[in-house]
Amino acid sequence: MLLKPFILRFTYSFLMRWILRWIIGVKWEKASFLSDEKQFIIIANHNSHLDTITLLASIPARILPKVKPVAAADYFGDTPFKAKMSSYFINALLIPRSEGLTAIRQMKKALDEGYSLIIYPEGSRGNPEEEQALKPGIAFLLSLCPQVKYVPAHLTGMGKALPKGENLLLPYESSLIYGKPRLIESSNRDEILRQIEDDFKILKSAALQN
Amino acid sequence: MKSDFDWLFHAKILEEKEVMIIVFVIFGLLTLASVLFFIIGKIKPDANLNELKTRTKSWWIMALLFVVTTIFSTKISYVAIAFLSFLAFRELYSILGFRQSDRQAIFWALLSIPVQYLLAYAGWYGAFIIFIPVVTFLLLPLRLVLRGDTVGIVKSMATLQWILMLTVFGISHLAYLLSLPDIEGFKAGGRGLLLFVVFLTEINDVMQFTWGKLLGKHKIIPKISPNKTWEGFIGGIISTTIIGYFLAFLTPMNAPQVIIVSFLVANAGFIGDIVMSAIKRDIGVKDTGNSIPGHGGILDRIDSLAYTAPTFFHLIYYLCY
Numbered sequence: 001m002l003l004k005p006f007i008l009r010f011t012y013s014f015l016m017r018w019i020l021r022w023i024i025g026v027k028w029e030k031a032s033f034l035s036d037e038k039q040f041i042i043i044a045n046h047n048s049h050l051d052t053i054t055l056l057a058s059i060p061a062r063i064l065p066k067v068k069p070v071a072a073a074d075y076f077g078d079t080p081f082k083a084k085m086s087s088y089f090i091n092a093l094l095i096p097r098s099e100g101l102t103a104i105r106q107m108k109k110a111l112d113e114g115y116s117l118i119i120y121p122e123g124s125r126g127n128p129e130e131e132q133a134l135k136p137g138i139a140f141l142l143s144l145c146p147q148v149k150y151v152p153a154h155l156t157g158m159g160k161a162l163p164k165g166e167n168l169l170l171p172y173e174s175s176l177i178y179g180k181p182r183l184i185e186s187s188n189r190d191e192i193l194r195q196i197e198d199d200f201k202i203l204k205s206a207a208l209q210n
Numbered sequence: 211m212k213s214d215f216d217w218l219f220h221a222k223i224l225e226e227k228e229v230m231i232i233v234f235v236i237f238g239l240l241t242l243a244s245v246l247f248f249i250i251g252k253i254k255p256d257a258n259l260n261e262l263k264t265r266t267k268s269w270w271i272m273a274l275l276f277v278v279t280t281i282f283s284t285k286i287s288y289v290a291i292a293f294l295s296f297l298a299f300r301e302l303y304s305i306l307g308f309r310q311s312d313r314q315a316i317f318w319a320l321l322s323i324p325v326q327y328l329l330a331y332a333g334w335y336g337a338f339i340i341f342i343p344v345v346t347f348l349l350l351p352l353r354l355v356l357r358g359d360t361v362g363i364v365k366s367m368a369t370l371q372w373i374l375m376l377t378v379f380g381i382s383h384l385a386y387l388l389s390l391p392d393i394e395g396f397k398a399g400g401r402g403l404l405l406f407v408v409f410l411t412e413i414n415d416v417m418q419f420t421w422g423k424l425l426g427k428h429k430i431i432p433k434i435s436p437n438k439t440w441e442g443f444i445g446g447i448i449s450t451t452i453i454g455y456f457l458a459f460l461t462p463m464n465a466p467q468v469i470i471v472s473f474l475v476a477n478a479g480f481i482g483d484i485v486m487s488a489i490k491r492d493i494g495v496k497d498t499g500n501s502i503p504g505h506g507g508i509l510d511r512i513d514s515l516a517y518t519a520p521t522f523f524h525l526i527y528y529l530c531y
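The listed protein sequences correspond, in order, to chains A and B.
Residue numbers for the first sequence, in this note's numbering: 1 to 210.
Residue numbers for the second sequence, in this note's numbering: 211 to 531.
These aren't lab readings, by the way, just hints derived from the structure by calculation.
Hints are supplied without guarantee of correctness; some may be wrong.
As the list claims (entries may be wrong) - Here are the computed lysine-lysine pairs in the DSS-like style, where the Cα-Cα straight-line distance is at most 27 Å:
(1) 365(B) - 180(A)
(2) 365(B) - 30(A)
(3) 27(A) - 252(B)
(4) 149(A) - 66(A)
(5) 365(B) - 164(A)
(6) 27(A) - 149(A)
Claimed, not checked - Selected chain A positions facing chain B (Cβ under 10 Å, derived; list incomplete):
(7) 19
(8) 24
(9) 28
(10) 31
(11) 122
(12) 123
(13) 126
(14) 127
(15) 128
(16) 140
(17) 163
(18) 168
(19) 169
(20) 181
(21) 183
Note that the Cβ used here is the ideal one computed from N, Cα and C, for glycine as well.
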């Protein structure tokens with residue numbers, strides 16, 4: 001258990017930061033503001049496996065072991081070996097995609113234990129540079145834990161560097177920008193979803209201007 | 211007693227007086243600029259110097275990088291120039307909107323970068339000069355064809371080869387300067403030539419900018435680059451030619467040769483600059499990226515270099531080697 005934080009910090013805060021910055025060409029703002037938050041849920045768009053790697057690399061090393069990306073158990077945990085690797089190298093929280101309630105309960109439990117989460121509310125990786133509709137699970141989770149702040153994040157270019165269904169990783173200038181940490185403004189799930197969608201739209205237009 | 215730093219004091223660059231002089235000139239100019247901006251900032255706190263300040267900062271980084279890589283070993287210079295090619299190439303294909311089915315061909319093109327620079331390092335001129343214009347020119351279309359997506363394939367074939375020529379073939383001439391054979395009585399060697407062409411290109415950019423700001427009235431090509439004026443262009447070329455004449459000690463050329471070469475390099479720099487401006491107009495971005503603060507992307511710095519490097523190389527290769 002002592003080994004895991006070391007592996008995570010070495011992989012993301014050192015190795016991946018270097019590779020992403022100089023080889024792939026990812027630009028990101030410093031996410032040091034995350035150190036000030038006790039707990040948070042990062043909500044990001046999803047086009048590539050690189051999304052998770054970039055988000056983890058951008059998080060301050062000190063709090064990195066306390067952040068769990070939420071991943072599909074049927075993809076990242078279909079064999080015991082893969083599940084072990086996902087746990088060690090991605091620190092993943094594996095959830096069953098088909099059983100919504102179990103998934104929500106697992107995420108809630110992780111939050112109660114003090115972990116922060118990374119969630120892709122689109123559910124799966126979409127086509128490069130295209131957004132998909134948000135799934136309602138995130139609104140459900142946030143309405144159960146209204147005291148936890150969420151941080152919207154927008155990634156561009158990742159789907160070009162490593163698209164779904166391709167094995168070849170191509171360097172490609174891409175970017176990650178964060179919005180401000182926020183609390184939900186309503187307990188109505190539709191309104192929570194709309195609030196997140198609005199945040200995504202603002203971030204997307206900010207990313208286009210950069 | 212042998213000191214631990216013996217290798218440093220015996221570094222070749224310190225024996226090359228000519229190179230050292232110009233290195234001191236560059237650092238002198240940078241110090242002058244930094245001090246000047248600092249003083250102006252104190253006297254007139256509301257003067258907007260941010261742009262100029264970040265530009266000077268980037269110059270410091272680039273000059274230090276250049277000196278450090280050349281002091282330690284020329285091998286690092288090859289790697290550093292190759293990396294510059296890679297950054298510029300990546301920047302271009304990222305903004306030019308390639309198809310998903312072009313990815314493998316782009317990857318092949320990336321692999322050609324180490325090959326091209328190894329050929330430069332080995333000094334194998336025949337292979338170096340045909341590798342990209344002939345070998346990748348014939349092979350990259352094959353990779354595109356193998357993937358089998360024919361919609362828009364001509365555009366991909368043409369664009370990929372063109373940006374490879376610009377960012378890898380063109381820039382790699384800088385590296386080959388370091389592999390040129392020694393000439394008797396010419397001490398500055400490849401480092402001198404490299405320093406000469408890089409310094410002259412950047413000074414040319416600065417001069418064209420400065421003259422344009424001071425006197426610029428008559429626009430040359432307002433549709434492409436509204437800031438380019440005849441006054442800036444002519445003033446820049448004359449200044450660059452004069453500066454080139456005084457830097458002749460970095461090259462094995464005689465006075466008339468260095469004047470003609472500096473004049474042609476200045477023109478090449480201008481052409482490279484407006485060609486890149488036209489591309490940026492086409493894809494609708496102002497600066498190509500932000501790898502160097504205040505300088506736009508890497509490309510905005512090396513657009514003229516991609517034209518001046520092969521121009522200078524082939525002129526000097528014809529005249530002196």
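Status of each hint after checking the structure:
no.	hint	result
1	365(B) - 180(A)	41 Å, violated
2	365(B) - 30(A)	38 Å, violated
3	27(A) - 252(B)	33 Å, violated
4	149(A) - 66(A)	15 Å, holds
5	365(B) - 164(A)	24 Å, holds
6	27(A) - 149(A)	24 Å, holds
7	19	14 Å, violated
8	24	9 Å, holds
9	28	12 Å, violated
10	31	18 Å, violated
11	122	19 Å, violated
12	123	21 Å, violated
13	126	13 Å, violated
14	127	9 Å, holds
15	128	7 Å, holds
16	140	34 Å, violated
17	163	6 Å, holds
18	168	6 Å, holds
19	169	9 Å, holds
20	181	25 Å, violated
21	183	33 Å, violated
Violated hints, listed in ascending order, are 1, 2, 3, 7, 9, 10, 11, 12, 13, 16, 20 and 21; each of the other numbered hints is respected by the structure.
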